[in-house]
Amino acid sequence: MIKRFLIARETLLLGVILLLIALVASRFPGFVSAGNLVNVFNDTAPLIILALGQMVVIVTRCIDLSVAGNLALTGMAVAMLNSVAPGLPIPIILTISILLGAGMGLMNGLLVWKLEIPPIVVTLGTMTIFRGIIFLISDGKWVNAHEMSASFTGFPRAETMGLPVMSWIAIGVSLMFLLLITRTSLGRAFFAVGGNPHAAVYTGINVGKTQCAAFVISGALAGLVGYLWVARYAVAYVDIAGGFELEVVAACVIGGISIAGGLGSVGGAVLGALFLGVVKNALPVVHISPFWQLAISGAAIVIAVTFNARSNRSSGRVILKPARSNS
Amino acid sequence: MNLKTRSLPDRLHSPRSQVFKNWETLLFAVAVSIFVVNSFASPYFLDAWGLSDATFNFTEKAMIAFAMALLIITGEIDLSVASIIALASTAMGAGLQLGLGTTELVFIGLAVGLLCGAFNAVLVTVLGLPSIVVTIGTMSLFRGISYIVLGDQAYRGYPPDFAFFGQGYVFWVFSFELVLFAVLALIYGILLHKTNFGRTIYAIGNNPTGALFSGIRVQRVKFILFLLTGLMSGVAAICLTSRLGSTRPSIGAGMELEVITMVVLGGVNILGGSGTILGVVLAAFVMGLVTFGFGLLNVPGIVMSIFIGLLLIGVIALPRLWKMFLNRR
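Chains as they are written, first to last, in the numbering used here: chain A, 119 to 445; chain B, 285 to 613.
Calculated directly from the structure, the hints in this document are not laboratory data.
Among the clues, some could well be false.
Where chain B lies over chain A, by a calculated footprint (3+ residues, C-beta under 8 Å) [claimed, not checked]:
1. 201-214
2. 399-412
Here are some chain B residues the structure puts well away from chain A; computed CB gaps all over 12 Å [said to hold, decoys possible]:
3. V316
4. R427
5. Y431
6. V457
7. A469
8. I508
9. E540
10. G585
11. F591
Listed next, with one range per pair, are the computed distances between beta-carbon atoms [claimed, not checked]:
12. B:P443 <-> A:R275: 28 to 38 Å
13. A:L254 <-> B:L335: 45 to 55 Å
14. A:V319 <-> B:V410: 30 to 40 Å
Just so it is clear, CB atoms sit at the ideal spot from N, CA and C, and this is done for glycine as well.
Taking the hints into account, I'd like the entire structure generated from these sequences.
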């Protein structure tokens, strides 16, 4: 029943995205050329990857607002590493960025797990701490394109089989998440913890540990995207991806992932991210100022969360209206 | 988002309230020691006008923090306050372009604050949505509207008498903002600790269902608190705009974090149910003194934000670590 509903929701979202593309294409046919669609997808790849990481965090009833800070710190760290040691091969850079990101995710996770601090407080705090650390290690300076090696900046842009590597990574991560969610016990545990933490405890699931795992996954992906982001735009500075965490949460909420936990799907996260990506790329095409972007994603969050609540409402007879406790 | 069931205070003087009494004493001690350390660290610290300037570091944030404290005690949160400032300031700037005077501008600032608060309130209490997501959404939405209106432009040229709110002095070194801060602290202190309304706020925070069953209109109280938070953001917008003398869409960016840090540092339980206005006032002084002291020592702003982030986590983490340490022994 729930599964069928989710499928219906995703098809609806897919329909909206296609409608949006069709609307833009009716005025500007160039928008639907294969090359441009690849560009749109490639441009949305970081958002897709981060939205997937955020999804497992939200499903376990937490939230990770530190992803953009994590991304920027990892990006700066590997960019500085590259400018010092240009000969370092890409697989090592990738490993370092994933480990760094996972380390920061682990920090969030441990604070949530061991000290039971509300995730929103932890990640609001680490969000600013990470940004501050970037300033400390970089001294506020930029790492520019000429300080990075060609292989470092070339990797995410290299085209293989018609798509840039960045897009392939997004596709790969999506497939891995599909496996993680549907085929592993950890994937089930995420949903069990989010759906009913007390019941999860009785089935032998360590709630805090599972939430910590979600944070580590989200952090590792943020680290990965940190390298890809810095390499793709060939610049690293304190404020890269500023406010991106809100876009990531927006993608999840639009994708039907319930902030109350226990509800969400890989397809939803990917489509939510694609929706925002299409809007973002369509704005300049239809000559709307990019300054509209922020308000549009804000409005999309509000509309999506309203919609989520409406469709999730139970249809049983209400005898006495229950008061809601804090989310 | 919280998984633990909290024990309810069944006695008037529970050990918990005792802890929070200690918490305020601790904060007071911290404030005093920062004061002393700073006066030794920098020869420029102990100066009436300098200290008076330093109060601007926290007065605007503290105004919002009072209302936010009430909201957090009921178990809700509002992350959109800084964006409400941006929108209210933009609206005042737009009014300025129409040639409106100071009175109208103040009215616009307050009205926009109230409207934004009402928007959050309707979404949270009428539609029953979680306040964290709603206010993350409106945080982008409100500031986004400012960006649509202003883009990379700015509004300037506020009338001279408008400058009083952010730059004027009521008496000697006591600025208008400082006096307003003191008056609001008193009003909120009385509201929370001496009225029935204040008691219902604690009741809701400790047990919303129980509060409903004892005849408290839970949603209405929350509605009023969102309105108040919006209104306070409007007041802060007037002060900040007046002090800066211009409006950019990035005005007050990131302030929500500092407001929430102030509330949590003040001993308000982030999960709801406990906290005092005195604590928030002391936390405001501590944060203001630290920022001012760091500023005198030439510490850049972004490093101060690391400190604020650490403070936010540390304030909650340290007592819990201490408890774990005691239990282990």
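Hints, verified against the model:
Counting residues of the stretch 201-214 of chain A whose C-beta sits closer than 8 Å to any C-beta of chain B gives 0, which falls short of three, so the coverage hint is violated. Restraint check on the stretch 399-412 of chain A versus chain B: 5 residues with Cβ-Cβ distances below 8 Å, three needed, restraint holds. Once the 12 Å rule is applied to beta carbons, B:V316 is consistent with being away from chain A; the minimum gap is 25 Å. The beta carbon of B:R427 sits about 6 Å from the closest Cβ of chain A, which is not more than 12 Å, so the claim that it is off the interface is violated.
Not every C-beta of chain A lies more than 12 Å from that of B:Y431, the closest at about 4 Å, which undercuts listing it as non-interface. Listed as outside the interface, B:V457 is consistent with that label: its C-beta sits roughly 31 Å from the nearest C-beta of chain A, beyond the 12 Å cut-off. The beta carbon of B:A469 is kept farther than 12 Å from every beta carbon of chain A, the shortest such distance being approximately 24 Å. Distance to chain A confirms B:I508 as a non-interface residue, since its nearest Cβ pair spans about 16 Å, more than 12 Å.
At the 12 Å boundary, the C-beta of B:E540 falls inside the reach of chain A, the nearest C-beta of that chain being 9 Å off. Not every beta carbon of chain A lies more than 12 Å from that of B:G585, the smallest distance being close to 9 Å; the non-interface claim is violated. With a minimum CB-CB distance of about 8 Å to chain A, B:F591 fails to clear the 12 Å threshold, and the non-interface call is violated. For the hinted restraint 28 to 38 Å between B:P443 and A:R275, the CB-CB distance of approximately 53 Å leaves it violated.
At roughly 29 Å, the beta carbons of A:L254 and B:L335 sit outside the given window of 45 to 55 Å. Distance hint check for A:V319 and B:V410: the Cβ-Cβ separation is about 34 Å, which falls inside the suggested range of 30 to 40 Å.
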